[in-house]
Structure formats: structure tokens, C-alpha cells
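Just so you know, the sequences run in chain order A and B. Position 228 of the first sequence, counted from 1, bears residue number 228 in this note's numbering, the numbering being contiguous throughout. Position 179 of the second sequence, counted from 1, bears residue number 179 in this note's numbering, the numbering being contiguous throughout.
These are computed hints drawn from the structure, not numbers from a lab. One or more hints might be untrue.
[As the list claims (entries may be wrong)] Taking lysine-lysine pairs in the DSS-like style, the calculated list, with each CA pair at most 30 Å apart, reads:
(1) B:Lys60 <-> A:Lys128
(2) B:Lys60 <-> B:Lys204
(3) B:Lys204 <-> B:Lys163
(4) B:Lys204 <-> B:Lys41
(5) A:Lys336 <-> B:Lys194
(6) B:Lys163 <-> B:Lys41
(7) B:Lys66 <-> B:Lys194
(8) A:Lys128 <-> B:Lys108
(9) B:Lys163 <-> B:Lys111
(10) B:Lys253 <-> A:Lys128
(11) B:Lys123 <-> B:Lys60
(12) A:Lys202 <-> A:Lys128
(13) A:Lys128 <-> B:Lys259
(14) A:Lys158 <-> A:Lys202
(15) A:Lys181 <-> A:Lys128
[As the list claims (entries may be wrong)] Stretch by stretch, here's where chain B covers chain A in the computed footprint (C-beta under 8 Å, at least three residues):
(16) 140-149
(17) 187-193
(18) 239-251
[Claimed, not checked] So, partial list: chain A residues that the calculated Cβ filter (under 10 Å) puts toward chain B:
(19) Phe264
(20) Tyr296
(21) Phe302
(22) Thr304
(23) Leu305
(24) Ile326
These numbers come from a predicted model, not from an experiment. Glycine included, C-beta positions come from ideal geometry on N, C-alpha and C.
What follows is each chain in one-letter form.
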Amino acid sequence: MIRIPSQFIFFLFIIIVVSSCKNDDDLTDIDYNPIPYTLEIPAHFPTLEIPSDNPMTVEGVQLGRRLFYDPILSADNTMSCSSCHKLEHNFTDGNSTSEGIDGIAGRRSAMSLENIAFFYNGLAWDGKHMTLEEQALEPVTNEIELHNTWGNVIEDLKNHDDYPTRFRKAFGIESIDDITKELAAKAIAQFERIIISNGNSKYDQIESGSIFPSDAEFNGFDMYFDLSIDTPDAECSHCHGGVLLTTNEYINNGLDEAIDLTSFNDLGRGEVTGYLFDNGKFRVPSLRNIALTAPYMHDGRFQTLEEVIDHYNSGGHYAENRDPLIQPLGLTEQNKSDLITFLHTLTDTTYLSNPDLSNPFE
Amino acid sequence: MFTILKRTILLFSLALLSLIISCDSTESPGGDVTTVDVIFKALYNGDPLVMNNRYIYDGKEISFSKLQFYISDLSLVSENMEISINEIDFIDFTNNNINETDAINGIKVSKASIPVGNYEGIKLGIGVPSDLNENTPVDYSSSHPLGQASEYWSNWNSYIFSKLEGKFDQDGDPTILEGDILHHIGMDEMLREKEVTDLDIAVKTNTNTEVIIELDVFDILNGTSTNSSINLDLEGFTHTNPTDQGQVDLATKIANNWKSATSIR
Numbered sequence: 001m002i003r004i005p006s007q008f009i010f011f012l013f014i015i016i017v018v019s020s021c022k023n024d025d026d027l028t029d030i031d032y033n034p035i036p037y038t039l040e041i042p043a044h045f046p047t048l049e050i051p052s053d054n055p056m057t058v059e060g061v062q063l064g065r066r067l068f069y070d071p072i073l074s075a076d077n078t079m080s081c082s083s084c085h086k087l088e089h090n091f092t093d094g095n096s097t098s099e100g101i102d103g104i105a106g107r108r109s110a111m112s113l114e115n116i117a118f119f120y121n122g123l124a125w126d127g128k129h130m131t132l133e134e135q136a137l138e139p140v141t142n143e144i145e146l147h148n149t150w151g152n153v154i155e156d157l158k159n160h161d162d163y164p165t166r167f168r169k170a171f172g173i174e175s176i177d178d179i180t181k182e183l184a185a186k187a188i189a190q191f192e193r194i195i196i197s198n199g200n201s202k203y204d205q206i207e208s209g210s211i212f213p214s215d216a217e218f219n220g221f222d223m224y225f226d227l228s229i230d231t232p233d234a235e236c237s238h239c240h241g242g243v244l245l246t247t248n249e250y251i252n253n254g255l256d257e258a259i260d261l262t263s264f265n266d267l268g269r270g271e272v273t274g275y276l277f278d279n280g281k282f283r284v285p286s287l288r289n290i291a292l293t294a295p296y297m298h299d300g301r302f303q304t305l306e307e308v309i310d311h312y313n314s315g316g317h318y319a320e321n322r323d324p325l326i327q328p329l330g331l332t333e334q335n336k337s338d339l340i341t342f343l344h345t346l347t348d349t350t351y352l353s354n355p356d357l358s359n360p361f362e
Numbered sequence: 001m002f003t004i005l006k007r008t009i010l011l012f013s014l015a016l017l018s019l020i021i022s023c024d025s026t027e028s029p030g031g032d033v034t035t036v037d038v039i040f041k042a043l044y045n046g047d048p049l050v051m052n053n054r055y056i057y058d059g060k061e062i063s064f065s066k067l068q069f070y071i072s073d074l075s076l077v078s079e080n081m082e083i084s085i086n087e088i089d090f091i092d093f094t095n096n097n098i099n100e101t102d103a104i105n106g107i108k109v110s111k112a113s114i115p116v117g118n119y120e121g122i123k124l125g126i127g128v129p130s131d132l133n134e135n136t137p138v139d140y141s142s143s144h145p146l147g148q149a150s151e152y153w154s155n156w157n158s159y160i161f162s163k164l165e166g167k168f169d170q171d172g173d174p175t176i177l178e179g180d181i182l183h184h185i186g187m188d189e190m191l192r193e194k195e196v197t198d199l200d201i202a203v204k205t206n207t208n209t210e211v212i213i214e215l216d217v218f219d220i221l222n223g224t225s226t227n228s229s230i231n232l233d234l235e236g237f238t239h240t241n242p243t244d245q246g247q248v249d250l251a252t253k254i255a256n257n258w259k260s261a262t263s264i265r
């Protein structure tokens, strides 16, 4: 008879017990059956182009929404994406420039996220990021924004009592160790893709012929789109045209005089491309809901639409790359008033009541 | 017996499949299609045009910051057939011609599956044909030439067929170029069709054939006669606004000049 040492039996027992224990990091017991997210896009809007490696799912959008509103992304747990992109300000923050967790003001104003899913020519004022997934990675580590590290964030997410399950349900990860910054960014991007306006502003209704504009609105519309020689061409639609009221190009709109193209305080697009003649250029923002997103320009220098119109009416300041559309417009006080009246027809806040956009922690 | 038959069919199918997979589509019957590279070059008075460099026009310093246009229905023409190379392409020199080297190289657009043979001519349209101009950017993906909101006038229901922008010396002191140039041409009637018939284009298998299309911006401004030359002090600006006959007349002049400024070799 062969005698088996008792130590060996004990060791074998331990091995069996350990291997039969469920790994705490294992998430495979949680169902992974993502439901495709159905977007509601106005019929006259462009087709939404969604990256094939980040399809929209209900679970992905819900996870992204939580991450968007959760201060867990910041180093001191005080700020989130929503701190600078507030729903009640049409996803801006209402400030000239935005401050991060250390109270340091950035150089630029927070852009609205309305309809951001449709902008394929670069994001932010300078087009530094080409996709929402790429952009979502940046604020976390930006020293004047959330000033954190992705390592810290991922650890916090792994140790959280809810997020590992949500990552499993959204992306089918098998272990909490599979939580990555890339997946977090994908989820945030999915959420940002649902920030789509209803396309039912007064302007849309005027365009579709369902309502008539007032005289002032009509005159403003006329100047904005240069439809008649009876009113001045306000040159607006050449940059703020199309369904989304932006061409999404980068231009120098004459904000600062620059005899030397290196002398701009903020080089804007030039910082990204390194091309001298891109210095001082910034992305043309959409004017949908423009009345809600003061202050204006990349540095929030104009507090009101009246100041904006006055700037364009003046023809702006000289720089060799100032866009040729920036010309003295010759608008009278009545013209300016009518133009602003028209700009108010671009307001449509109804989409902000979409429950999927609200803060899930409130 | 049945098993042997099945095996034979299987082997035959496999052999046929391998044959299909190994075939190169460009070597289809007769090996008669290949790739043609269409190369677009922008010039100024015969020299490569570099964006934002200074040139002379009408005795004044001038520079260009934007140069782009649609080219449509490009086709190769031989004695008995016409081969369509493209339906629509958007040629944008603005961010391409930013230095001498890139300006010399131009913009290459490769077109596959062109039948080999000898062609004597080329046809092309400068602008967007009316059937496509009925559409809007919303009808296309963002990567399609017609999918860009920046190239469409929603107020006038037309694509912008071509854009030329720049600055010129207006006051005799060229330190600063204070005069603006903005020629945006569009609307159906501004489409210009060009045909060149005295060419000798040999499209051969396994050899990329190059067709070079040159646009000389000096000729866009200078025209072919005194009547067609552009006086920048008076004719620096047009959106082809259909409610402004002066803008339409200038746009017509530019569209005509654009055609004559386009050459093929």
C-alpha cells in the first residue's frame, strides 16, 4: 500500500479550495447583453457617423453619463466634465474661461457640447482632437482642468461598488482589471453623442414653413443669409451656415490685431498644425442656442450678442490671415437689433429635458 | 459511388475557389484595366503656387490663402469610347500647397479600373453638375466630397463650385496687404465644361499613367483678354449672390477664366 503524506493531502486540499473560490475580480457572472441605443435625430440633420469600434448601447450611454457627471474623475473629487459643460447652460459653463480644480483659469471658454457628435473636422476651439473618444481622455490629466492621472481614476473605478458592473454590462469585460481609460473614454463619448438638439427651434419652423417670422426676425434672417439686396449682407451664414449653423472650419475672425502672425496671445489652430498662417484661427462654433451660451469667442471676451455684432460690424482687426469675410458690414442700429432678434429664433431648449442627459446623481 | 462523386465535386469546388481567389481583379479578361493617377497642380504664372507667398498681379503684390474647387465628370476620350474617371472630386490646395515641395507635387487622385488603351482627349466639369447640385451635404457622409457644410450655400441651394481667397496691396505700400480677395463661385449656370482633344494618353497595364491637370491662378485673374481680366480694386469680392447682378457678372467672368486657366497634359 502506498502511503500518501498527510502534508501532501493538505496541500492538495488548499489548492482545490483556492481554485474553487470565485475571484473577486471576476465579472463573468454578470450578464452582458447590451441593448443598442436608439438615437433620435431630427430628419433634416446630417447622418450621425458612429465609430465601428464604439457602437452605441443603452449600457454604454448610461455608464458614460455617470462618468460625465461624476467628480471621481478629478484629483480631489470636486469636479467632473459637467462642471464646465452644464446642462442648464446648454453644456457650457457661462464663464469667459473655465477654472479647474486648482482654481487656475484656462485660456479658453468651454464650448457647448450641443450636437458635438456631428463635428468631424476636429473638436474644441483648435481642433486638437479628432474624435470624442480621443478628446475624453484629455481633461482628466490636464493640469488646469481635472489635474488627475488616469492611473488614479482607474484604481478608483475598480474599487467602486458600482462601476465594475457597469463596465461589464457596457463592454463585456471579464475582470475589473479590464477597466481602462480607453473604455471610460468610449463610454463618455457614447453619452456625448446623444447630446443632440431637437431641430425644432423657431428658426427650424420658419425654414420648414410651419410658422411665419415677425418683421424683425425676417429682416434678421434676410441679413444672416444674405437673401436680398434690400438689406446689408451680415456675412453670418458663410461661416455659420448649414443645418448645424457652422461650417466647422478654422478662421481668424479679426479679434486681435497682429502685424506679425506670431504675436497672437493664443495661437489657436496654429498650435495644432504648426503652420504660421493657422495662428490666431479658431473653430467656428454652431450658433444653435447661441443666446444661451454667453460669453462669446474662444476667450469669452464678449458678454453679449450685441458686443459680438458690434465686433463683426466693425470689420475686426487686421492680421494677414484675417478671413476676407470679416469686413465692415455697415449695419444700422435697427439692422443689428433685427439680427439679434433673429439669433434668438435659434434657441431650442426642449432637448435639454431629455432625461438621459440629466445628472444621474441628483 | 455517391461518396466518390461528392468528393469529386468538393475537390472541383475547392480548385475553382482557389482559382478565383488567386485572380487579380486588375488582370481580368485581357488584363485590360489599370490605375490612372490624376495629379492636380496649382500654378501662378507658370510657377508652383505656394499659399500665402507673395506674387505680383497688375503691378501689385498679392497672396492667396484659399484655393479649392470641384471637378466633375472627368472622362478619358478615345475614338470610339468615353471612360468616366470620376463623378465628383473636391480639390483643395489650401492645406496642401503650403511649401514649394508640396506645391510641385500637387494633389494626386488615383482612379482604379481604367481600361488600358490610347486616349486622345479628356473631358471634365469645373463645378457640380445640376443633378448633384440638387442635393445637400446632409445627403452624404462627412468624407464624401459633397458632404461638407462649408462648401454649400443653404440660402441659395447650391454647392460652392470654387473658392479663391487672398489679399492684395491696395494702397501702394506692400508692407501690409490690406485688400481682400474673395471669389466664391456657384449655382448651376456657373458649371464650366472643358474638353481637350489633342492629347496622347497611353494607359498601359502595370504602369501607372499620370494625367496632370494644372490650374494657373494668374490666368484666373488675368483672363484671356482685357475684358476678362479682373480689376481687384473693383472686382475683389463675389459670392455669386443671385440677387445681386454685379456679383453674378463677376462670378461668370471668374468661372470663364477658371476654365481657360485649366490645362491638361
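Verification of the supplied hints:
Simply put, Lys60 (chain B) and Lys128 (chain A) have alpha-carbon atoms about 37 Å apart, too far for the 30 Å limit, and the pair is violated. Restraint check for Lys60 (chain B) and Lys204 (chain B): the C-alpha separation of about 46 Å exceeds 30 Å, so the hint is violated. Straight-line distance between C-alpha atoms of Lys204 (chain B) and Lys163 (chain B) comes to about 35 Å, which puts the hinted pair past the 30 Å bound. Distance restraint check for Lys204 (chain B) and Lys41 (chain B): the Cα-Cα separation of roughly 23 Å lies within the 30 Å cut-off, and the hinted pair is therefore satisfied.
Annotation: proposed proximity of Lys336 (chain A) to Lys194 (chain B) is violated, straight-line Cα distance about 45 Å (limit 30 Å). For a cut-off of 30 Å, the pair hint linking Lys163 (chain B) to Lys41 (chain B) stands: about 16 Å separates their Cα positions. Only pairs whose Cα atoms come within 30 Å are accepted, and Lys66 (chain B) paired with Lys194 (chain B) is accepted, the gap being roughly 23 Å. The hinted pair formed by Lys128 (chain A) and Lys108 (chain B) meets the criterion: a straight-line CA distance of about 26 Å does not exceed 30 Å.
In summary, the hint linking Lys163 (chain B) to Lys111 (chain B) is supported, as the alpha carbons are separated by about 25 Å, within the 30 Å threshold. Proximity of Lys253 (chain B) to Lys128 (chain A) is assessed by CA-CA distance (about 39 Å); at most 30 Å being required, the pair is judged violated. For the proposed pair Lys123 (chain B) and Lys60 (chain B), the alpha carbon gap of about 35 Å is over 30 Å, so the pair is violated. With a C-alpha separation of about 33 Å, the suggested pairing of Lys202 (chain A) with Lys128 (chain A) is violated against the 30 Å cut-off.
Proximity of Lys128 (chain A) to Lys259 (chain B) is assessed by CA-CA distance (about 37 Å); at most 30 Å being required, the pair is judged violated. Proximity of Lys158 (chain A) to Lys202 (chain A) is assessed by CA-CA distance (about 46 Å); at most 30 Å being required, the pair is judged violated. Between Lys181 (chain A) and Lys128 (chain A) the CA atoms are separated by roughly 19 Å; this keeps the pair inside 30 Å, and the hint holds. Remark: the segment 140-149 of chain A is not confirmed as covered by chain B, as 0 of its residues place a Cβ nearer than 8 Å to a Cβ of that chain, below the required three.
Coverage of the segment 187-193 of chain A by chain B is violated [criterion: at least 3 residues with CB-CB distance below 8 Å; count 0]. Three residues within the 8 Å Cβ limit are the bar, and the segment 239-251 of chain A against chain B gives 8, so the coverage statement holds. At about 16 Å, the closest approach between the beta carbon of Phe264 (chain A) and any beta carbon in chain B exceeds 10 Å, and the interface hint on this residue is violated. The criterion of a C-beta within 10 Å of any C-beta in chain B is not met by Tyr296 (chain A), whose closest approach is roughly 21 Å, and the hint is violated.
Using the Cβ-Cβ criterion of 10 Å, the hint placing Phe302 (chain A) at the interface with chain B is not satisfied: the shortest such distance is roughly 23 Å. Against a cut-off of 10 Å between C-beta atoms, the interface hint on Thr304 (chain A) is violated, since the closest Cβ of chain B lies about 26 Å away. Here the hint on Leu305 (chain A) is broken, as its CB sits about 21 Å from the closest CB of chain B, past 10 Å. Annotation: Ile326 (chain A) was flagged as interfacial toward chain B, and the flag holds, the nearest CB pair being 8 Å apart, inside 10 Å.
Going down the numbered hints, you'll see the structure goes against 1, 2, 3, 5, 10, 11, 12, 13, 14, 16, 17, 19, 20, 21, 22, 23, while the others check out.
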